[in-house]
Amino acid sequence: MTVPKHVQQLDRVVIRFAGDSGDGMQLTGDRFTSETAQLGNDISTLPNFPAEIRAPAGTLPGVSSFQVAFADYDILTPGDTPNVLVAMNPAALKANLPELRKGATIIVNTDEFTKRNLQKVGYPGNPLEDDSLAGYDVHPVGLTSMTLRALEDHPISKKDAERAKNMFALGLLSWLYSRPYESTMTFLERKFAARPELVAANKAAFSAGWSFGETTEGFAVRYEVKPAQMKPGHYRNITGNTALALGLVAAGVRSKLPVFLGAYPITPASDILHELSKHKKLGVTTMQAEDEIAAIGAAVGAAYGGALGVTTTSGPGVALKGETISLAVALELPLVIVDVQRAGPSTGMPTKTEQADLNMALFGRHGEAPVAVIAPQSPADCFYAAIEASRIALTYRTPVILLSDGYIANGSEPWLLPEVSELPDLQVSFADGPNGEDGKFYPYLRDPQTLARPWAPPGLAGLEHRIGGLEKADKTGDISYDPANHDFMVRTRAARIEAIDVPDIEVDDPSESANVLVLGWGSTYGPIGAACRALRQRGLNIAQAHVRHLSPLPANLGDVLRSYDKVVLPEMNLGQLAHVLRARYLIDVVSYNQVRGMPFTSAQLESMLEEVIKNA
Amino acid sequence: MPSAPLQLSAKDFKSDQEVRWCPGCGDYAILAAMQGFLPELGVPRERIVFVSGIGCSSRFPYYLNTYGMHSIHGRAPAIATGLSVSRPDLQVWVVTGDGDALSIGGNHLIHALRRNVNLKILLFNNKIYGLTKGQYSPTSEVGKITKSTPAGSADYPFNPISLALGAEASFVARTIDSDRKHLTSILRAAAQHQGSAFVEIYQNCNIFNDNAFEVLKDAETRDDYLIRLEHGQPLTFGKEGQFAVTHPAGSFGLTVQNTSEVDGSELLVHDAHRDDPAYAFALSRLAGPDLRHTPVGVFRSVQRTSYDELVRGQVSKAKEKSSGDPEQDLTALLNSGDTWTIL
Ligand SMILES: Cc1ncc(C[n+]2csc(CCOP(=O)(O)OP(=O)(O)O)c2C)c(N)n1
Ligand code: SF4
Ligand SMILES: [Mg+2]
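For the record, the sequence lines run as chains A and B.
Residue 582 in numbering that gives the first Met the number 0 sits at position 583 of the first sequence; the count goes up by one each step and never skips.
Residue 135 in numbering that gives the first Met the number 0 sits at position 136 of the second sequence; the count goes up by one each step and never skips.
No lab work stands behind these hints, which were simulated from the structure alone.
Each hint can be trusted.
EDC-like, lysine to aspartate or glutamate: derived pairs with alpha carbons at most 16 Å apart:
1) A:Lys-280 x B:Glu-319
2) A:Lys-202 x A:Asp-159
3) A:Lys-279 x B:Glu-326
4) A:Lys-279 x B:Asp-324
5) A:Lys-279 x B:Glu-308
6) B:Lys-238 x B:Asp-223
7) B:Lys-13 x A:Asp-477
8) A:Lys-202 x A:Glu-161
9) A:Lys-439 x B:Asp-15
10) A:Lys-280 x B:Asp-324
11) A:Lys-190 x B:Asp-337
12) A:Lys-255 x B:Asp-324
13) A:Lys-565 x A:Glu-610
14) B:Lys-132 x B:Asp-209
15) A:Lys-277 x B:Glu-319
16) A:Lys-279 x B:Glu-319
17) A:Lys-255 x B:Glu-326
Covered stretches of chain A, going by a simulated chain B footprint (3 or more residues, C-beta under 8 Å):
18) 227-236
19) 447-459
Beta carbons: idealized from backbone N, C-alpha and C, even for Gly.
Work out the full structure: start from the sequences and follow the hints.
Right, here's the structure in full:
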């Protein structure tokens, strides 16, 4: 029997699915996101999972969660605190409760609240039975038992039936927020194509969850979030890693060059290797090398041979690649190095985010070895950043380091799909004959504008030449130990990076009268932007600017910084960009830092910025 | 390969760079042999690339008028792999030293060999670090007294041939800098091999490890010390063929006996194409620390599809499904998965 329900309109909801690593929370979150995208809401997601594949079941370290925010307006972050927590076990409840505000909805799987499980996480009693959840809107649901009952007649094992409890939860949440479920049905058909009995069981579990919502009196209200006002066009939801991989494919297509990726698996960058290995049809070759040094070595070899050479890794891998990046600086070959940053030092917290590899990207090599550095600001922006990194590498024949991070790599947002023909044209020309007035070929004779040397892959008769890591004489490229030549070459390599054509930085200040500028780079764009919005809604003035090109910096950056009373720079490190800006522009940038492995919350930035504005 | 035979001479392969090895260094002989051999290869200069690491030996590419890259210490096999896989039209040679290939670059060497990348890898083994002025290397004998080991080195050396075989190499050979004819024949065999060809070249460093291979060169000793491997020929050696390599019953390895004491049916015939690498491995263990019973020639040469071919094969197979218009295929790729439209 269906209980008549009241439908309430909301403008924004943040849901966190949390459970054991084995409970399928990432998948559940992913499906809910996809259903939500179909509806036309704006979305932002934040997966959060342990480094261990299966930490001991039911423990706090084993908790895996997926947060999704969706709204009827454009949003910048996955939200600071969830309005709804789905807790599949006591550990999930305990780990996430501190982040909930009073009044938040909690849906708990009561079946897992056994004495043993409660003890495992140190609950003295059952929080569902005492008043520790007072003030929250708690919905105790026997997710496991109800799933088992719904699947009684299905010819599957008890274990498989139990596993389907995440689909029961998804069904319930989909009903509660009026999500369309067709895409989940097709997804299940695809996922379990080889085992039709599991397709049927998971669909049944989903429907049981949905009907439970409809019939139970526990949920009296159903919610709706209207589609957001988004630019017309074709969309898909995309994570940063997928966007980055597709950007590299696009760079290959738009440069008409084969893409060669050398990579060694490392969290959180491996998904780029996985994704690119699927796109051989578009001329992408991937090689899983024996280590990070071999990975970049192979990419340099491929670049020497005329391919778009790419290597993808995380911080520990970049450390290993340092010597080869220096070689590429000396060889002056195009090369894209992707660093999906994670919390360090050493193995640190591999699945958690950080921005602490900036120093290494800018300075982490022997000798004067400048490279270009660029950072995307959101998941979808990784696509364009990959294209821009490739453009710089190909045009200026230089290594380019692209600094993504775990937050945007795994997070997702809707992406307005571009027209391929409108993407930048990256075509380059190889050396096609002698370039000297005397009819000889000079491998280090530069283009006067870009200071790039000719790209002359093996294969063309008459251009045979040798390159290497020893200092080269200007123009000829012959080995040279001449002091004046070395001085000249060092300065020229630096000038070549400074010569890179980088757009001016733009300031967003609707009031046009802000005294305080908040600056950011990389993945902090979302939380900073959301904080600025909140401040402006409260009548405070603040200007925001975001640095995309970290080397070279935009030409107008110094002037922009100087035109504000105060410049604040939040970073997920101990002030690495702030340090650079102070040294370079002699401006006392206010550095605001956090290294907790998690992105800033917008609320935290809002109150920090409010303080600065008041004291400015 | 060009259709018309190329008319190139050794001179065409000399670059305009001044050669900077010490006078008397074995590297000169190897360079001369290479420049003498390359014309017969029939591959135009622009399709040949030499990639090297760091060391005296790794200066080699500068002196050849082909394409070349002098890279960084130990990494040449990795760099050459990327080049070879993406450019099947090139013939790629790697030149490396015992320190370069077996110390800092050991990992890349074994992985290039197991993958069977289409590279011709020449390891100039002088059993010493030449360029850094004479420290012991991973092929130096135990107890080697050098600047860094005044009391003698304490580490046991690699046997490069055994190592290459253990790394699943499909072609493994050894030769000596001073024997131009033999060296050339091995370069030829290596060049013809599809996949990784690993060649150890005993090379004299007359400054820091002079005469390390003298017993293999001296007319007095060499015939009794060297075992010249020739496919299909009996494994006998010595001035008068007085020694024979045999496989004693009940033993795993090979040994050397006086030919006169060996029954004709027990005489072994060299078979470089044996699938089981145990035979080539046993050959590689014959020589003692005094270099007595050192086999030279091709230990092993078997056919195995190269990494390059497998990788390129996957790419071309995938490309069969392409529309022929990459922009169209990219548009389809971007629009794949769950998409939605906002009007
Ligand atoms: C990363 C790095 N470490 C150390 C060196 C110093 N180095 C240069 S060559 C060499 C050893 C060379 O020995 P080998 O490979 O046997 O070559 P040879 O000079 O004997 O031909 C060393 C240690 C270097 N160039 N780079
Ligand atoms: S040091 Fe030895 S190996 Fe190096 S060039 Fe001199 S003789 Fe040759
Ligand atoms: Mg050496």
